[in-house]
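Engineer: Sequence:
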Amino acid sequence: MNPTKKPKRKIPIVTVIIPTYKRAQLVPRAIESVRRQSVADLEILVIDDCSPDDTESVVRAIADERIRYIRHSQNRGLPSVRNTGIRAARGKYIAFLDDDDEWRQDKIEKQLIMARQYDAVLCGALVNGTRIKLHPRATVTLDDLRRGNPFDPSGLLVKTRILKKVMFDEQLRQGEDWDAFIRLAQCCSIGYVAEPLVLYSDGGHQRMTNEAKHKTGPELETRTAILKKHRSFFGNWWFRYYFADTLMSYLDKRRSKLAMVIYAVKRCGIAAVLAVMGHKVWRHIRQG
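Number 289 marks the last residue of the sequence shown (our numbering); no jumps.
Any given hint might turn out to be false.
[Said to hold, decoys possible] List time: in silico DSS-like cross-link candidates among lysine-lysine, alpha-carbon distance up to 25 Å: (1) K160 / K214; (2) K134 / K11; (3) K281 / K229; (4) K230 / K258; (5) K165 / K111; (6) K93 / K111; (7) K267 / K134; (8) K230 / K216; (9) K281 / K267; (10) K281 / K216; (11) K230 / K23; (12) K165 / K229; (13) K216 / K254; (14) K230 / K11; (15) K160 / K11; (16) K160 / K111; (17) K11 / K93; (18) K258 / K216; (19) K229 / K216; (20) K165 / K93; (21) K214 / K23; (22) K166 / K93; (23) K166 / K214; (24) K165 / K230; (25) K111 / K11; (26) K254 / K11.
Hints are computed from structural coordinates only; laboratory data are not their basis. Everything numeric in this text was worked out from a predicted model, so none of it was measured.
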């Protein structure tokens, strides 16, 4: 044996990618939920998008040789962070976990069982510890994704060789996960574990999603690039519906509700706006 030659590192079954930015207080909890997985053959990539806080020291203080910390020299946005993780991944599969979410202990184990039949696997989520979000079928199809994206990136497990070809679109600042799911469904099979394996947090901390309540109509339109990219895939009705849904994000928390509704009608038409409002009321009733 050549003493100067480094031994080959064992290829892990799953690479877990945790993108993070300015979440030094939250990311240890996410990491710990990965360390507790019933499947231990993992590598954990924490990709820091140039956080100004002490994220690096917090992550490096966690004593686990499976963890690799990678830091961007400048802030590049979530799609780029995920792509950095994909390029660095060594596992047969890749899974994602947002830094403010957690996993149930058997999440990876249950998805790997289903991955024997599918190229990618999604799963259900428990939202804020109270509401269970589940897909009604054992597969996720293009038609499902045309009708919306109720799926969380933190619930995705996918073969690495496939994801390295798909990647995330770094031109999209919103909906990059929906775009990736659509492109995955166009080239491979997606299974679904109908259990809440992700503990999803939609709390009071700052998120891109809940920032929407402070934005104007034209500012919110910058979030519709995903719709414009796949306009022919969505078709006219779903394009207008989701355009209106984007404009009326967090409508109940806005001061100038009527002004935003009028803006949405001008941009999307009255039928789409009424449909969005009707669905908002229905969701509110169902959630109690």
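Engineer: All hints are to be evaluated individually against the structure, with a verdict given for each.
Structural biologist: Evaluation of the provided hints:
1. K160 / K214: Given that 25 Å is the threshold and the Cα spacing comes to 36 Å, the pair is violated.
2. K134 / K11: Answer violated: K134 to K11 is near 36 Å, above 25 Å.
3. K281 / K229: Status holds; Cα separation ~23 Å.
4. K230 / K258: Violated - the C-alpha atoms of K258 and K230 are around 28 Å apart, more than 25 Å.
5. K165 / K111: Distance of about 23 Å is within 25 Å: holds.
6. K93 / K111: The given pair, whose Cα atoms are some 16 Å apart, holds under the 25 Å limit.
7. K267 / K134: Not satisfied, since the Cα-Cα distance of roughly 33 Å exceeds 25 Å.
8. K230 / K216: Given pair K230, K216 holds - Cα atoms ~22 Å apart, limit 25 Å.
9. K281 / K267: holds (19 Å)
10. K281 / K216: holds (19 Å)
11. K230 / K23: Violated: K230 and K23 sit about 30 Å apart, past 25 Å.
12. K165 / K229: holds (24 Å)
13. K216 / K254: holds (12 Å)
14. K230 / K11: Given that 25 Å is the threshold and the Cα spacing comes to 40 Å, the pair is violated.
15. K160 / K11: holds (17 Å)
16. K160 / K111: holds (15 Å)
17. K11 / K93: Given pair K11, K93 holds - Cα atoms ~11 Å apart, limit 25 Å.
18. K258 / K216: holds (12 Å)
19. K229 / K216: Satisfied, since the Cα-Cα distance of roughly 20 Å is no more than 25 Å.
20. K165 / K93: Roughly 11 Å between the alpha carbons, so the hint for K165 and K93 holds.
21. K214 / K23: With a Cα-Cα distance of about 21 Å, the restraint between K214 and K23 holds, given a limit of 25 Å.
22. K166 / K93: Judged against 25 Å, a Cα distance of about 14 Å means the pair holds.
23. K166 / K214: violated (35 Å)
24. K165 / K230: The given pair, whose Cα atoms are some 21 Å apart, holds under the 25 Å limit.
25. K111 / K11: holds (23 Å)
26. K254 / K11: Violated - the C-alpha atoms of K11 and K254 are around 51 Å apart, more than 25 Å.
Hint check: violations occur at hints 1, 2, 4, 7, 11, 14, 23, 26; the rest are consistent with the structure.
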